[in-house]
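Engineer: Each chain, written out:
Protein chains: 2
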Amino acid sequence: MPRTRVHNLNISLDGYAAGEHVTFEEPIGGAERLFEWFDGRAIHGVDGVDDPWTLDRALTSLWGQGVGAEIMGRGKFGPQVGEWTDDGWRGWWGDEPPFRTPVFVMSHFPHPTVEFGNGTSFHFVDGAPEDVLQRAQEAAGGLDVRIGGGPSTVRQFLEAGLVDFMHLMIVPITLGRGVSLWEGTDGAEAAFAVESIGSRSGLTHQLWNRIEPRSPSGQR
Amino acid sequence: MPRTRVHNLNISLDGYAAGEHVTFEEPIGGAERLFEWFDGRAIHGVDGVDDPWTLDRALTSLWGQGVGAEIMGRGKFGPQVGEWTDDGWRGWWGDEPPFRTPVFVMSHFPHPTVEFGNGTSFHFVDGAPEDVLQRAQEAAGGLDVRIGGGPSTVRQFLEAGLVDFMHLMIVPITLGRGVSLWEGTDGAEAAFAVESIGSRSGLTHQLWNRIEPRSPSGQR
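Protein chains in written order, with numbering that gives the first Met the number 0: chain A, 0 to 219; chain B, 0 to 219.
It is worth saying that the hints were derived from the structure and are not from the lab. Quick caveat: nothing in here was measured; it's all calculated off a predicted structure. Every residue gets a Cβ at the ideal spot worked out from N, C-alpha and C, and that includes glycine. Keep in mind that a hint or two might mislead.
[Claimed, not checked] Here are the computed distance ranges between Cβ atoms for each label pair: (1) A:Glu19 <-> B:Ile42: 41 to 49 Å; (2) A:Arg89 <-> B:Ala159: 29 to 37 Å; (3) A:Gly197 <-> B:Gln133: 16 to 24 Å; (4) A:Ser195 <-> B:Gly116: 36 to 44 Å; (5) B:Met0 <-> A:Glu35: 26 to 34 Å; (6) B:Asp38 <-> A:Thr84: 52 to 60 Å; (7) A:Ser151 <-> B:Thr173: 46 to 54 Å.
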């Protein structure tokens, strides 16, 4: 049965996974240190990677396996707020966005679909997490759906009981402020078996596997 | 550049990776407990696996990624010794051997090729590790070659300086006797960066990444 998965979500020791104000200069809103800690991701599998196959690489390599669509918040696509303007923005990723699948960008404002040659297409959708997930599942063709972030988007799906698997990377830094993955949650871990693994790099990986059946809103 | 890799090699605390006498009843030669410890392998990737995605599964899932051929000792193919007889033996794995690539079985005695419908074919070859590796690399079509075991075969390739990556799973049991992975080696670790990771299951995973250039005999 297809799953809804979160991968490679970097969070600080104080629970922040992004800064508060994304700009064109600061895609993570000032929390770029979360990503500077470790640059050895291998999101499309380790087998093409010439660098050492570390634990960090082995775990980040799960990101793309068996995923047929992604859902992201609009702040992950771009720093604009309010109505979209015709500014030619096509995301942060140049001509080769790493997704290679349909991507559903949650936004209250309409925007034409943005397509790339490598299989990536951005579709802008409004709706509750359940509805957006259903559209993404239809597009995923039987494969899994990844919730790509940012943290408030992941939290929305967590709170709706829609996440089956989550891989967090706890980075040994404090940020003091930002967008918290955990804000307002209480017992987020209750529906999961959580495994924590220390890495030589200083990261702590966590694998969250759902143990409870989906809530009714999450049934497919 | 293609690598030569070892994956999911279970060894006991006292260094044994197989029993001494493989029989039709005991494919691991009496050391079956090494494999009973953990049955949650996911050798062809985790994405088809409905069970929880644990660390153990994530690491065992590297087994099949990017591999185009395997090399194994004859004891992994079957318990027979000496000249092969026409006994109809086609390996331990039924009609669907998990390899799905050419497999080179090291044997001093000739044996016709054994083929299966799922891409697995067993080729029986005699020669030094360097020569067998070269044949396997040609068959792998640019992908990596896996050294599939047993332990004395892995040790042969290790001693020849031909192994680029090795994933060991140290099982928290003692066996007292058997075929040791380490017998006769001294400083096997010297050419590698070794990362050790404890798992909730009790296994210790080790990732060995070669840091020294290949020995001349291993140059391709």
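Engineer: None of the hints should be skipped; say for each whether it holds.
Structural biologist: We went through each hint and held it up to the structure:
Distance hint for glutamate 19 (chain A) and isoleucine 42 (chain B): a CB-CB separation of about 44 Å, consistent with the stated range 41 to 49 Å. Checked against the hint of 29 to 37 Å, the C-beta distance between arginine 89 (chain A) and alanine 159 (chain B) comes to roughly 51 Å, which is inconsistent with it. Against the hinted window of 16 to 24 Å, the Cβ-Cβ separation of glycine 197 (chain A) and glutamine 133 (chain B) comes to about 40 Å, which falls outside the hint. With their beta carbons about 43 Å apart, serine 195 (chain A) and glycine 116 (chain B) fall inside the hinted range of 36 to 44 Å.
Range check, methionine 0 (chain B) to glutamate 35 (chain A): about 28 Å between beta-carbon atoms, so the 26 to 34 Å window is met. Between aspartate 38 (chain B) and threonine 84 (chain A) the CB atoms are about 56 Å apart, so this pair conforms to the stated range of 52 to 60 Å. In this structure, serine 151 (chain A) and threonine 173 (chain B) meet the distance hint of 46 to 54 Å, their C-beta atoms being roughly 51 Å apart.
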